[in-house]
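> Okay, here's what each chain looks like letter by letter:
Number of protein chains: 2
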Amino acid sequence: MKAKREALVSLFTAMREGKVDEDIIDLLLFINSIDGIYTTSSCSGRIGIMEEPDLGAKPLARWLIKVHRPMEFEEAREALRNAERGLIFLKSQPPIFHIVAEDLEKAKKLHELGLASGFKYTTFKVISKRYLVEINATEYLTAPLGRDGRVLIDDEYLRFALEVGNSMLRRSKGRLPRLERNFRKLREELGEDGLFYELAEKFEIKAR
Amino acid sequence: MKAKREALVSLFTAMREGKVDEDIIDLLLFINSIDGIYTTSSCSGRIGIMEEPDLGAKPLARWLIKVHRPMEFEEAREALRNAERGLIFLKSQPPIFHIVAEDLEKAKKLHELGLASGFKYTTFKVISKRYLVEINATEYLTAPLGRDGRVLIDDEYLRFALEVGNSMLRRSKGRLPRLERNFRKLREELGEDGLFYELAEKFEIKAR
Chain A
1 MKAKREALVS
11 LFTAMREGKV
21 DEDIIDLLLF
31 INSIDGIYTT
41 SSCSGRIGIM
51 EEPDLGAKPL
61 ARWLIKVHRP
71 MEFEEAREAL
81 RNAERGLIFL
91 KSQPPIFHIV
101 AEDLEKAKKL
111 HELGLASGFK
121 YTTFKVISKR
131 YLVEINATEY
141 LTAPLGRDGR
151 VLIDDEYLRF
161 ALEVGNSMLR
171 RSKGRLPRLE
181 RNFRKLREEL
191 GEDGLFYELA
201 EKFEIKAR
Chain B
1 MKAKREALVS
11 LFTAMREGKV
21 DEDIIDLLLF
31 INSIDGIYTT
41 SSCSGRIGIM
51 EEPDLGAKPL
61 ARWLIKVHRP
71 MEFEEAREAL
81 RNAERGLIFL
91 KSQPPIFHIV
101 AEDLEKAKKL
111 HELGLASGFK
121 YTTFKVISKR
131 YLVEINATEY
141 LTAPLGRDGR
151 VLIDDEYLRF
161 ALEVGNSMLR
171 RSKGRLPRLE
181 RNFRKLREEL
191 GEDGLFYELA
201 EKFEIKAR
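In order, the protein sequence lines correspond to chains A and B. One point on numbering: in UniProt numbering, the residue at position 88 of the first sequence is 88, and numbering is uninterrupted. One point on numbering: in UniProt numbering, the residue at position 93 of the second sequence is 93, and numbering is uninterrupted.
Calculated directly from the structure, the hints in this document are not laboratory data. Do not take every clue at face value.
[What the hints assert, rightly or not] Chain A regions said to be covered by chain B (calculated; three or more residues, Cβ under 8 angstroms):
(1) 123 to 132
(2) 141 to 147
(3) 161 to 171
Think of the CB as a built atom: it goes at the ideal place given N, C-alpha and C, for glycine as much as any other residue.
Please put together the full structure from these sequences, using the hints given.
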């Protein structure tokens, strides 16, 4: 798979540059060591405060803060001071994995694996003959906090909203060990990929 | 398709009982008149205030108010008075269509149609040899408002959050005419389904 080679080179390069979420590096490496599948953009789950210049203007949105663990009250308050323009949202988002499968059979297996691991929004798409599975969960929080630098909530509400967002994040991240166990079983079934180990060695990546 | 017959009977029965969102009845009928595809649970997009006894305890959640058009401030305030127990959320959700296709080719066409109509979260799943396409958009708002009957926001914030939620709803519903035009083209390509018209006549449903 030429596409897998390219995907692995991107992943290993991003790892070197410290651009991959630390807490899912091992899992990403493990998934990529499986024959016939590979990951593209993935996230270990995060909570943050985002400013969007206008509704739906995602490309122009900017994070005032974004962390891959529960966020503390002081961090959030501090970040809100930097709000300037547009809608301010508190966002909590579960882990998400994009995995390409080389055929429909493997895509179906990945789909079942995601659902069986508690990721209820697992779906797939066919894009120009590639099967792209998205392993995704339901714990999404999108709470507006204010507009154009003006925060419309008080400290009590901020504490409360953070508590809700952090709980959702913990809950969704809590499924990662189960997901990993299920990928271990899948590797036993599908086998390991020589290409992965060859490239990992070249990039001096320690894989399990 | 035996499954389509059953799905149509459910739809027509639900229509008789007034249980189908008024503003997408015509579109649902149109989609079902196309050969080889049929709809299951669908929603025209809504905004509401929900009480969830505990995070993730969806089955026990109850709507304090739910409407398929923008919600007014007074309605929201009134509904909040009935909050009793658990987390209170303001939720805005875009239109969502679940469509079963009889084969992978048709599922791919539906997937492309959804994306081309601006529904960026369109995906599909294979469930026991049936292809289920979900036409879905990105405009989701889930804002916590309080807990256990206690509302932690003031009127100014409520007005603001409603404005954001209503804008998202208008924006996502605004794509329905484009979606309908694309289904018109699809019907020209795939043809009409005799079964649909036969059952529609039996149930005295006026289809276009």
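> Quick check: the region 161 to 171 of chain A, covered by chain B? Criterion 3+ residues, Cβ under 8 angstroms.
Check passed, 5 qualifying residues.
> Are there at least three residues in the region 141 to 147 of chain A whose beta carbon sits under 8 angstroms from a beta carbon of chain B?
Check passed, 6 qualifying residues.
> Are at least 3 residues of the region 123 to 132 of chain A within less than 8 angstroms of chain B when you compare beta carbons?
It holds: at least three residues are needed, and the region 123 to 132 of chain A offers 4 whose Cβ sits within less than 8 angstroms of chain B.
Against the hints set out earlier in the document, no violation occurs for any number.
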